[in-house]
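Got chain A; can you put chain B with the ligands on it based on the hints?
Residue numbers (this note's numbering), protein chains in the order written: chain A, 1 to 258; chain B, 1 to 604.
FYI, nobody ran anything at the bench for these hints, they're computed from the structure.
Wrong hints could be hidden among the right ones.
As the list claims (entries may be wrong) - Derived EDC-like pairs (lysine to aspartate or glutamate); straight-line CA-CA distance at most 16 Å:
hint, chain 1, residue 1, chain 2, residue 2
1, B, Lys578, A, Glu58
2, B, Lys564, A, Asp54
3, B, Lys56, B, Asp290
4, B, Lys555, B, Glu3
5, B, Lys542, B, Glu11
6, B, Lys583, A, Glu152
7, B, Lys564, A, Glu58
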Amino acid sequence: MSATTRVFFPGCSLPSYNPELVEKTLAFLKERLPGTGSILKCCGKPTKALGQMDLFQERYADVQQEIDRLEADEIIVACQSCYLTMKACSPNQKVTSLWTLMPEIGLPEGMTGIGADSDITFALHDSCPTRDESDIHDGVRWIMRELGYEIEELGHSRGLTRCCGFGGMVLPANPELAREIMERRAQEAKSDYMVTYCAACRMSMAIGGKKALHLLDLVFGGPWTSESTYPEVGANPIHAWGNRYRAKKSIKKILTTV
Amino acid sequence: MTEQTIRTMQELIDGCMGDAAPYCQAACPMHTDVRGYVNLIGEGRFGEAIALIREKLFLPATLGRICAHPCEDSCKRGEVGAPMAIAALKRFVADNYDDPAKWDTAIESEKPESVAIIGSGPAGAQAAFDLRRKGYQVTIIDRLPVVGGMLRVGIPAYRLPRDIIELEYSLLKAIGVQFRMNTHVGTDVTMEELAESYNAVIVAVGAHTGIMPPVPGHDANGVFDAVTLLRDVSMTERFDALGSRVLVVGGGNVAIDAARSVRRLDDRVVHLACLECNAGCMPAHDWEVDEALDEGVSMHQGWGIVSINTDRMNAVESVTLKRCISVFDAAGRFAPVYDDGERKTIAVDSVVFAIGQKVDGRGLDSLPRTARGHIAVDEVTLQIPGTSIFAAGDATGHSVIAVEAMAEGRKAARSVYRMFRNENMREDRDFERAYKTALETEISQNYVRTPRVTSRLRRASERVGDFAEVDLGIEDAQALAEGGRCLSCECRNCVKECLMLERYTDTCPKDLFQKILNGEEIDPVIPYSCNMCSMCTVLCPKNYRMQDVFMEMRKDLVAQTGGKSPMKGHKAIYMHQKLGFSKLFNITRAASPARVAPKKETVR
Ligand SMILES: Cc1cc2nc3c(=O)[nH]c(=O)nc-3n(C[C@H](O)[C@H](O)[C@H](O)COP(=O)(O)OP(=O)(O)OC[C@H]3O[C@@H](n4cnc5c(N)ncnc54)[C@H](O)[C@@H]3O)c2cc1C
Ligand code: SF4
Ligand code: SF4
Numbered sequence: 001m002s003a004t005t006r007v008f009f010p011g012c013s014l015p016s017y018n019p020e021l022v023e024k025t026l027a028f029l030k031e032r033l034p035g036t037g038s039i040l041k042c043c044g045k046p047t048k049a050l051g052q053m054d055l056f057q058e059r060y061a062d063v064q065q066e067i068d069r070l071e072a073d074e075i076i077v078a079c080q081s082c083y084l085t086m087k088a089c090s091p092n093q094k095v096t097s098l099w100t101l102m103p104e105i106g107l108p109e110g111m112t113g114i115g116a117d118s119d120i121t122f123a124l125h126d127s128c129p130t131r132d133e134s135d136i137h138d139g140v141r142w143i144m145r146e147l148g149y150e151i152e153e154l155g156h157s158r159g160l161t162r163c164c165g166f167g168g169m170v171l172p173a174n175p176e177l178a179r180e181i182m183e184r185r186a187q188e189a190k191s192d193y194m195v196t197y198c199a200a201c202r203m204s205m206a207i208g209g210k211k212a213l214h215l216l217d218l219v220f221g222g223p224w225t226s227e228s229t230y231p232e233v234g235a236n237p238i239h240a241w242g243n244r245y246r247a248k249k250s251i252k253k254i255l256t257t258v
Numbered sequence: 001m002t003e004q005t006i007r008t009m010q011e012l013i014d015g016c017m018g019d020a021a022p023y024c025q026a027a028c029p030m031h032t033d034v035r036g037y038v039n040l041i042g043e044g045r046f047g048e049a050i051a052l053i054r055e056k057l058f059l060p061a062t063l064g065r066i067c068a069h070p071c072e073d074s075c076k077r078g079e080v081g082a083p084m085a086i087a088a089l090k091r092f093v094a095d096n097y098d099d100p101a102k103w104d105t106a107i108e109s110e111k112p113e114s115v116a117i118i119g120s121g122p123a124g125a126q127a128a129f130d131l132r133r134k135g136y137q138v139t140i141i142d143r144l145p146v147v148g149g150m151l152r153v154g155i156p157a158y159r160l161p162r163d164i165i166e167l168e169y170s171l172l173k174a175i176g177v178q179f180r181m182n183t184h185v186g187t188d189v190t191m192e193e194l195a196e197s198y199n200a201v202i203v204a205v206g207a208h209t210g211i212m213p214p215v216p217g218h219d220a221n222g223v224f225d226a227v228t229l230l231r232d233v234s235m236t237e238r239f240d241a242l243g244s245r246v247l248v249v250g251g252g253n254v255a256i257d258a259a260r261s262v263r264r265l266d267d268r269v270v271h272l273a274c275l276e277c278n279a280g281c282m283p284a285h286d287w288e289v290d291e292a293l294d295e296g297v298s299m300h301q302g303w304g305i306v307s308i309n310t311d312r313m314n315a316v317e318s319v320t321l322k323r324c325i326s327v328f329d330a331a332g333r334f335a336p337v338y339d340d341g342e343r344k345t346i347a348v349d350s351v352v353f354a355i356g357q358k359v360d361g362r363g364l365d366s367l368p369r370t371a372r373g374h375i376a377v378d379e380v381t382l383q384i385p386g387t388s389i390f391a392a393g394d395a396t397g398h399s400v401i402a403v404e405a406m407a408e409g410r411k412a413a414r415s416v417y418r419m420f421r422n423e424n425m426r427e428d429r430d431f432e433r434a435y436k437t438a439l440e441t442e443i444s445q446n447y448v449r450t451p452r453v454t455s456r457l458r459r460a461s462e463r464v465g466d467f468a469e470v471d472l473g474i475e476d477a478q479a480l481a482e483g484g485r486c487l488s489c490e491c492r493n494c495v496k497e498c499l500m501l502e503r504y505t506d507t508c509p510k511d512l513f514q515k516i517l518n519g520e521e522i523d524p525v526i527p528y529s530c531n532m533c534s535m536c537t538v539l540c541p542k543n544y545r546m547q548d549v550f551m552e553m554r555k556d557l558v559a560q561t562g563g564k565s566p567m568k569g570h571k572a573i574y575m576h577q578k579l580g581f582s583k584l585f586n587i588t589r590a591a592s593p594a595r596v597a598p599k600k601e602t603v604r
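Just chain A, with the same shape it has in the complex:
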């Protein structure tokens, strides 16, 4: 009987973007870190961002209840907003970013050096919520280096990174401004290809006009070259919820097969 000591918390934007990546990540964690459970739920950050504080408290209590049910003492997150929100709201759990975990547990089998022969360079966009977390920046670069891809460092990176334009729920409130911010950020990159480690950032850079991938696309797929087919701007809502549902089924699948 292996007790749950940690949970993988994929958040919402990643499952909406690509449920397969959720499945692969979880399978990988299960293999490398036996005792990893999973919770599919939102961390509540969007509610908080709108200023609905009471509702947020209520919703986060839901999240905490699930964590406590699993008696997990560590939460592994793949989203930087989840990272900050959970760090602030779950003081009894250790919150670990997937991007600092990977350098410790290694890349999935067979992925090392996969991008070495790729003919493209990925401009790397750092997420702004974790601008002060240099371990995450280092981890992401470690992953890119191990995979073998060339990266382009942007003028604004790490602690001085720029928001992709999605932060603070500006896109629905002021779409025209948000687009301008997304375009400006995307234009900073000389390369036509960008890699981000947040699905919302990925979408923003795609709106901004780039061929954009999530870091997990590189970790579990590829090799990506100029010949590859890149994902569209973003799934429409119906499709996104379909993806979320598929992610739920994937989790069920991975964590019932002993």
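Frame of chain A, contents of chain B with the ligands only:
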């Protein structure tokens, strides 16, 4: 809004440097928009540059030549290479792109009150300009036949050609200032008469008496003061009482002006002695000393005067000097120390003292004076208490350079204006002089140290033959390059980075937050346009947290709109969040095989 948020906003309003003046502008007593015009010049917009200068200064070609430019001493560019050549740029646009036909001669409606201004130097002229612009009846009275005060009879023509003063001063006539020249207040008309017949008087008589030290022989034939010499030379280009071998005593720019003027009077031998032991310590600018050396003035630096030695006719024969070891004491007070053992004697037949000027008080006996002989006025209003008489410029000791004198003239004019309108004379007067800006910018040492522009000078051998201008100014291409060196000092780090702040603030977050605290209606889209990325805080030298304020505003708006965001677009988020927490899309799985605690009923 919470107390804390209001405090955060107030703190930002008080401390934000977004609208703080650049170093150059704060150091300028007239607060000329240096950053503005220097950058226009850098962009080749020369016509706009001179127009901008003229908003604050009506003597740009004059100041472009002789201003002691405190702005350059404060210029941030000085920290990476040399400061901007601000005065040279001003002169460049004034000489080449100023069109007298375009000068603004408009005045406000005519007012009945009249003002007499004694003295046509920069202080009096600026006061006259400002009051006439407001429509008052202004008369300038000067005992000289020419306008300009020390600009005209102190500063030599080879530094400031007289036609430039005439042309620039003509604007005063054009807007209707009256002039009574050749009129000495004290003899031709008395102070009392003026106080009687005008509603206000501004005394701007400068400091026109040269100081003579009590050294043995100071009353010999052949001893003069620089102020008298320069005045006569300015008026006539001669000074016949002077011999052929001259010693000028003093280390300031008046001494240099006197020495160089004498060099231009036939072929005289000119010595200059000063206490300071090298050019760097002399009060005169280095370039002035260099130009004097080029023109053949012999410098005796680090020497003090012992005696002026005379013949039986009491005419100067020679001067004995002693070594000066130090000029100031540890506390910075003037306290020269000499080495009496080291002496030398120079054979000269004339001595010119240039060691300071004081107010020529003849005819001004009724006015109160300070211990040092300046006209005593209220520091804030420049008024002589209990009278309608004001004083400004060098006569009060508040200024020693032209642009300061102008700022004092402006200050006196403002007081007169307020007096006429029965307004509070003391309110809101803290920033009328040069001040230290609140701005603090860091500059990267990576800036390319492009050299500062230097203007072309006439050859020394040629220029000692006449009083024509020495400095020939700079060319278009030089001006463009020099203008490009400006660092455009300002903060606004946040606004320059953030598209949202750029869109929703006028200058900096300060103005937006002030509006909020004033209770003005704020479009809800503003707080909801913040990405909450904290980039502003990262870049703000004061680490202000703008996003916290926007977050608080969101909370307030939500409270006002019954728990919802006021933004239409956010409807989608409610759905997203509802579903994001719904069973359909949620799952909790333990590591398999599982051990899951039962779901508790009441958690919330
Ligand atoms: C030789 C010299 C060189 C200088 N060089 C520079 C320089 O390079 N840069 C710089 O910025 N500053 C320079 N200055 C200082 C600058 O010229 C003065 O600070 C400035 O002119 C003072 O202005 P003001 O209006 O107070 O007085 P002033 O310019 O002295 O004008 C006073 C006027 O009052 C008139 N007056 C006096 N008494 C009476 C009376 N009783 N009746 C009627 N009229 C009277 C005088 O004739 C004079 O026209 C220099 C000064 C001197 C002496
Ligand atoms: S660099 Fe430009 S803006 Fe800054 S102090 Fe100098 S002149 Fe003024
Ligand atoms: S960064 Fe912005 S808020 Fe901070 S001091 Fe500068 S202008 Fe003001």
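Straight-line alpha-carbon gap lysine 564/B to glutamate 58/A, limit 16 Å: holds, 15 Å
Hinted pair, alpha-carbon criterion (16 Å max): lysine 564/B, aspartate 54/A. Please report holds or violated. The hint holds at about 11 Å.
Has the given pair, lysine 578/B with glutamate 58/A, been kept, meaning a C-alpha gap of at most 16 Å? Holds - the C-alpha atoms of glutamate 58/A and lysine 578/B are around 12 Å apart, at most 16 Å.
Hint consistency between lysine 555/B and glutamate 3/B [alpha-carbon to alpha-carbon, up to 16 Å]: Measuring from Cα to Cα gives roughly 14 Å; hence the hint holds.
For the pair supplied as a hint, lysine 542/B and glutamate 11/B, is the alpha-carbon distance within the 16 Å limit? Distance of about 10 Å is within 16 Å: holds.
For the pair we were handed, lysine 583/B and glutamate 152/A, check the Cα-Cα distance against 16 Å. violated, 41 Å
Given the hinted pair lysine 56/B and aspartate 290/B, is their Cα-Cα distance within 16 Å? Roughly 32 Å separates the two Cα atoms, so the pair is violated.
The structure fails hints 3, 6 (numbered hints given earlier, in ascending order).
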